[in-house]
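J.: Sequence:
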Amino acid sequence: MCNTLDSLEREVRIQIKISQMLLGLILGSLLLLGFSDSHVNSARRQRLTQQIRRFHHKSRCDKNHSCHQLPHRSLDYFSVLNFGYGPAYPRSWPRACIEGKHQSPIDLQNAEKAGKDSMVYGRYYDVSGPIWIENNGHTIKISGFEKWGKYHPYAANYVDGYRKIYQLKQILFHWGPTELFGSEHTFGGYHMELEIQFVHQKIHFRGYKKSNEFLIIAILGTSLLYNETNQVSSLSGIPRFLWKLQKPGLRVLKRAGPLLDMFPEDTSAFYYYNGSRTVPKCEEDTTWVVLDSTVNLAAEQALVSFGNVYLKDFFFSTLCHMGFDALLLPN
1 MCNTLDSLER
11 EVRIQIKISQ
21 MLLGLILGSL
31 LLLGFSDSHV
41 NSARRQRLTQ
51 QIRRFHHKSR
61 CDKNHSCHQL
71 PHRSLDYFSV
81 LNFGYGPAYP
91 RSWPRACIEG
101 KHQSPIDLQN
111 AEKAGKDSMV
121 YGRYYDVSGP
131 IWIENNGHTI
141 KISGFEKWGK
151 YHPYAANYVD
161 GYRKIYQLKQ
171 ILFHWGPTEL
181 FGSEHTFGGY
191 HMELEIQFVH
201 QKIHFRGYKK
211 SNEFLIIAIL
221 GTSLLYNETN
231 QVSSLSGIPR
241 FLWKLQKPGL
251 RVLKRAGPLL
261 DMFPEDTSAF
271 YYYNGSRTVP
281 KCEEDTTWVV
291 LDSTVNLAAE
301 QALVSFGNVY
311 LKDFFFSTLC
321 HMGFDALLLP
331 N
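Under full-length UniProt numbering, the first residue of the sequence shown carries the number 1, and numbering increases by one thereafter.
Derived by calculation from the structure, the hints in this document are not laboratory data.
Derived CB-CB ranges, DEER-like:
| no. | residue 1 | residue 2 | range |
| --- | --- | --- | --- |
| 1 | ARG163 | LYS247 | 39 to 47 angstroms |
| 2 | GLU99 | TYR151 | 39 to 47 angstroms |
| 3 | GLU265 | LYS113 | 15 to 23 angstroms |
List of simulated lysine-lysine pairs, DSS-like, C-alpha gap at most 25 angstroms:
| no. | residue 1 | residue 2 |
| --- | --- | --- |
| 4 | LYS202 | LYS101 |
| 5 | LYS254 | LYS141 |
| 6 | LYS164 | LYS202 |
Note that the coordinates shown come from a computational prediction; the quantities given were computed from them, not determined experimentally. For each residue, glycine too, the CB sits at the ideal point set by N, CA and C.
Modelling step: build the complete structure from the supplied sequences, incorporating the hints.
T.: Given below as structure tokens:
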């Protein structure tokens, strides 16, 4: 009986999502018809024109966080601001998010590529411990690594010529409404279906004092629809628990396996650049490392397990990706 109810709830949720997207399509069609109909009065025509102009103005002003690069599945661990991705965002974000010189995400064609032995992953190979997996309304977040004590995972960065140590704070997942969108970073304008971000905070050796410098290691994932002959990543079994996290505020406690199970086999090459956090206040204090190799996902991981998770920003981010953001602008 419970399984039947769960199945029915999933079907209803899917129908709601489809209805929302169809509504966006209908509204978009009405906009186009409004411009082509010679009987539309001048006041109506003027209002529609202003909406379109606002949309184009928004696209120009928010070049660092445009529709296809919105951090649409992200909640900043460090932010104290209440932010969102609805009709008023990201225009209401702090000015640094729009005018900053080193804003993330970027298209990786513009990033520097680093080579082997520049990164060291400490306690990623054979250490495990308890973790919290949480739906916080914006993303799926994994935390609890500070409880691992002396086995706390860390990353060492040698790219700048000297070593910096960063302790792992949390892991974030980014995905989109379809297989065409998902990752924050792009390559040649194209998104991957999933982006996994390992957020680290820099520490100093004396007393392990923490600083306000961060390192984010990003891994892009793509479906087996495009990689049928490659080995599938289990993502450390995380997708198996997502059915318990379908509503914001839910979380589960589990024991993590080695974190390197979530990485591609080849970690030697990566893109490297100095950027920012991808949500307000968009501080430019973050070093980004995006692995060149991708993890290969089974279709049910990329399109079903994550797709069944309800997030507060799903509707607005879906319309944004579909190109209907102009419809949501205030009059």
